[in-house]
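Asks: Make the complex out of the two chains shown on their own, each in a separate frame, by following the hints.
Going line by line, the protein sequences match chains A and B. The numbering of the first sequence is our numbering, which starts it at 1 and goes up by one. The numbering of the second sequence is our numbering, which starts it at 1 and goes up by one.
Check the hints yourself; a few may be wrong.
Restraint ranges, calculated between C-beta atoms of paired labels, are given here [claimed, not checked]:
| no. | chain 1 | residue 1 | chain 2 | residue 2 | range |
| --- | --- | --- | --- | --- | --- |
| 1 | A | A85 | B | K22 | 42 to 48 Å |
| 2 | B | K58 | A | K143 | 24 to 30 Å |
| 3 | A | S352 | B | A41 | 32 to 38 Å |
| 4 | B | K22 | A | R137 | 17 to 23 Å |
Lysine to aspartate or glutamate pairs mimicking EDC-like chemistry, simulated, CA-CA at most 16 Å apart [unchecked claim]:
| no. | chain 1 | residue 1 | chain 2 | residue 2 |
| --- | --- | --- | --- | --- |
| 5 | B | K9 | A | D169 |
| 6 | A | K120 | B | E36 |
| 7 | B | K4 | B | E33 |
| 8 | B | K9 | A | E256 |
Hints are computed from structural coordinates only; laboratory data are not their basis. Glycine included, C-beta positions come from ideal geometry on N, C-alpha and C.
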Amino acid sequence: MKGSYDVLVIGAGPAGSIAAKTAAEKGLDVLLIEKRQEIGDPVRCAEGVSKQYLKKHVEIDKKWICADLKGSRIYAPDGTKIEMAEEIAGGEVGYVLERKIFDRALAEKAAKAGAEVRVKTRATGLIIEDDFVKGARLVHLGKESDVRARIVIGADGVESKVGRWAGIDTSLKPVDIETCAQYMVAGVDINQEYCEFYIGNDIAPGGYIWIFPKGEGKANIGIGILGSKMGKFKPRPVDYLNTFLEKKFPNARIVEMIFGGVPVSGSIPKTSTNGLMLIGDAARQSDPVTGGGILNAMDAGKLAGEAAFAAISAGDVSLGKLEEVYEKQWRATTGHAIDLSLIVKNCFVDLSDEDLNSLAHSLKDVKFERMRLLDLLHALFKANKKLLWDLRVLFKDVAKEVVKNKL
Amino acid sequence: MSIKINRYKCGYCGACVGVCPKGALELVETWVEIDEITCIACGVCDRICPVGAIEVIK
Numbered sequence: 001m002k003g004s005y006d007v008l009v010i011g012a013g014p015a016g017s018i019a020a021k022t023a024a025e026k027g028l029d030v031l032l033i034e035k036r037q038e039i040g041d042p043v044r045c046a047e048g049v050s051k052q053y054l055k056k057h058v059e060i061d062k063k064w065i066c067a068d069l070k071g072s073r074i075y076a077p078d079g080t081k082i083e084m085a086e087e088i089a090g091g092e093v094g095y096v097l098e099r100k101i102f103d104r105a106l107a108e109k110a111a112k113a114g115a116e117v118r119v120k121t122r123a124t125g126l127i128i129e130d131d132f133v134k135g136a137r138l139v140h141l142g143k144e145s146d147v148r149a150r151i152v153i154g155a156d157g158v159e160s161k162v163g164r165w166a167g168i169d170t171s172l173k174p175v176d177i178e179t180c181a182q183y184m185v186a187g188v189d190i191n192q193e194y195c196e197f198y199i200g201n202d203i204a205p206g207g208y209i210w211i212f213p214k215g216e217g218k219a220n221i222g223i224g225i226l227g228s229k230m231g232k233f234k235p236r237p238v239d240y241l242n243t244f245l246e247k248k249f250p251n252a253r254i255v256e257m258i259f260g261g262v263p264v265s266g267s268i269p270k271t272s273t274n275g276l277m278l279i280g281d282a283a284r285q286s287d288p289v290t291g292g293g294i295l296n297a298m299d300a301g302k303l304a305g306e307a308a309f310a311a312i313s314a315g316d317v318s319l320g321k322l323e324e325v326y327e328k329q330w331r332a333t334t335g336h337a338i339d340l341s342l343i344v345k346n347c348f349v350d351l352s353d354e355d356l357n358s359l360a361h362s363l364k365d366v367k368f369e370r371m372r373l374l375d376l377l378h379a380l381f382k383a384n385k386k387l388l389w390d391l392r393v394l395f396k397d398v399a400k401e402v403v404k405n406k407l
Numbered sequence: 001m002s003i004k005i006n007r008y009k010c011g012y013c014g015a016c017v018g019v020c021p022k023g024a025l026e027l028v029e030t031w032v033e034i035d036e037i038t039c040i041a042c043g044v045c046d047r048i049c050p051v052g053a054i055e056v057i058k
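If we strip away everything but chain B, and leave its shape as in the complex, we get (with noise of 0.2 Å):
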């Protein structure tokens, strides 16, 4: 189980930290950062993302 997120298409919006059940993901100034110990790879942030930069690979 991983999560990546694509910096080059992320635009940076904190949609993905909003939706996060465990509060895994942190936007920083430009680029969000993941928690790999809180992810449950739920996917929910992929889900969401405006730009589609989120994988979750379960």
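Okay, chain A solo, but in the shape it has when bound (with noise of 0.2 Å):
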């Protein structure tokens, strides 16, 4: 490792790695760091992706696919279910991977890209002087060191302090994060080309419990609830998702358990400073509806290769630069979809089981393949006036775009 370099990225997930990629094919000295010894464990994630957004960044390799996905059921409270075909499940279905063996591939494209990797290094605080971000302080078997940088990136995931060193206040509220319990389970009879969701306040409160599987006999069995819907005398995710389990499969093994918080914010208001830009889930750009969020920390990591270099290249590091490459950039793509996605979770969170219900009756005959936006509006219409009044802002958006396109 040595003291300075022209891009430090701190930690080693899609954002990251893809953003140390695109760095270092444009011929910038990138170092990659990850304060984990092992990249992409333990996961934290319930590992499903589009195929059509993934196919964007990388080429698939059969490696870290575990399941393929014909599209997925979403189950009411009373149990009425609605079918969906992967084209409009929300971009979230298509692949199950296997992410200990995708984050690392991925970083192994940083690394033939020319970028530098180091793991079980850890960043503990930023080189700050003249009010720019100019390296970190990191810490590798107990040794520190000062590596010195042009640009920072902060890939940092949901516990990220790398934004709060810089004077950026990530801080999560319970409002804002879905916090979340997962089992991959054995030995279940689990439809291996169908993901399921199922939703209500007495199964998951503000979130939902789903199920993706994983290949023969296994999938992964989790819960995400509303930070706000918790308190220190209420059942914990985990207690809910064991009561999931024992009911509707007592003969499962538990053969992983793991926890993770999903940062459903929308888009917050500063996401990089003089020298420092945030990316993935310490920038909380995973999507508020569905919890996703591997594809647009990887939007955000091409974005901020490309934006680190066009920085450097032009000898300006500074905010106002960065506004104009970087966060204006993921702003008008990834920004407006997941602040369209916090809309949709706003009305959601508060629906009664008997309004979910209500919803889902109205929808589950609708072709979903071949669904038109009016035979939506119409089923919505139906089912729930007030829901489709507090969800008229995306209609509104939606025809825009039917104008835009038509012109």
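Replies: So this is what it looks like as structure tokens:
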């Protein structure tokens, strides 16, 4: 490890590895660090991604695919089933990944592109001079060292400290986080072509239970609950999950247990400052409805890698420049999408089980493979007029896009 | 006032670190470290912990 680089990327998840790869491919001198001793482990994810979007970033390698999904099924509190083909299931279905293999493969791609990779190496603070981030203090096997960089990229996940060290408040309020528990189970008879979602206030308040197939007899069964619905004396995600498992899969064998927190805040006001960009969960870029974050993280990583090259080439790594080359770009795409999702989330988290059931009843016969917006509007109107009113902003937006496409 | 994390229960997911309003927690590899000086014992970490590994005594 040298004393200085063009770019220092903190965190080797999908966001960090893509950022490091992109910057290295542009010819920049890049250091990618990961605090854990193993990249991709422990997993903190349900591991589902859309095929189409994943292909945008990497060539698919069968080694990291566990299941190939045809669609998803959503179960209302009374058991009413809604089935969706994958094209419209929120972009979150497609493949179920083996993140332990996938994340490391991405880091290997960064290394292959020329980035230096260091594991079991943690950042403990930033070097800040004249109001510019100029590098970070790192610790490896108990030994401290300063590494200087023209640009630091913070990809340090839900527990991000990099932004906070630079004065960007990334702390999440309980209403901004889904807290999760997941078991990988074996020995269960689970349809390997569909992922399933269970909603309801007794099942998963302000969130949902998911079943993602992971290959023959295996699945990720997990739960996310909205932080604001939790309390010291209320059941925890792990308690809800145990109840569900005992009821649905009494014979399931738990072969892995993981926990996690997923940001569902929508876009936060600031994700860069002089010499610094935040990406992925560290920038709270995951989707507020689905909780999906892998692809948004990869998109942001690519943008940040390109932005680092543009800023360094221009000799200007100030906030103003980074706003132009990174911040504006991600807000126009991912930022816009997650803010719309936030509106949907805010409507759905307060629906009663009765509301959810009536919504499901009116949607269950809609042919989702051929659904047009008008069919959905009609179904929503029949089911729940208040919900339609709450979601009006979305439809206004969709209508605008329809008009734009026609022109 | 004090905060205790049961490291035998903790799943080191970092959710508590993400919600801490003061930045008093840090996820180091497989355990969470607490900066007792910065911690204001607000209890938000205890509230959102998915396993209930945190105890804040006010």
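Asks: Which hint numbers doesn't this structure obey?
Replies: 2, 5, 6
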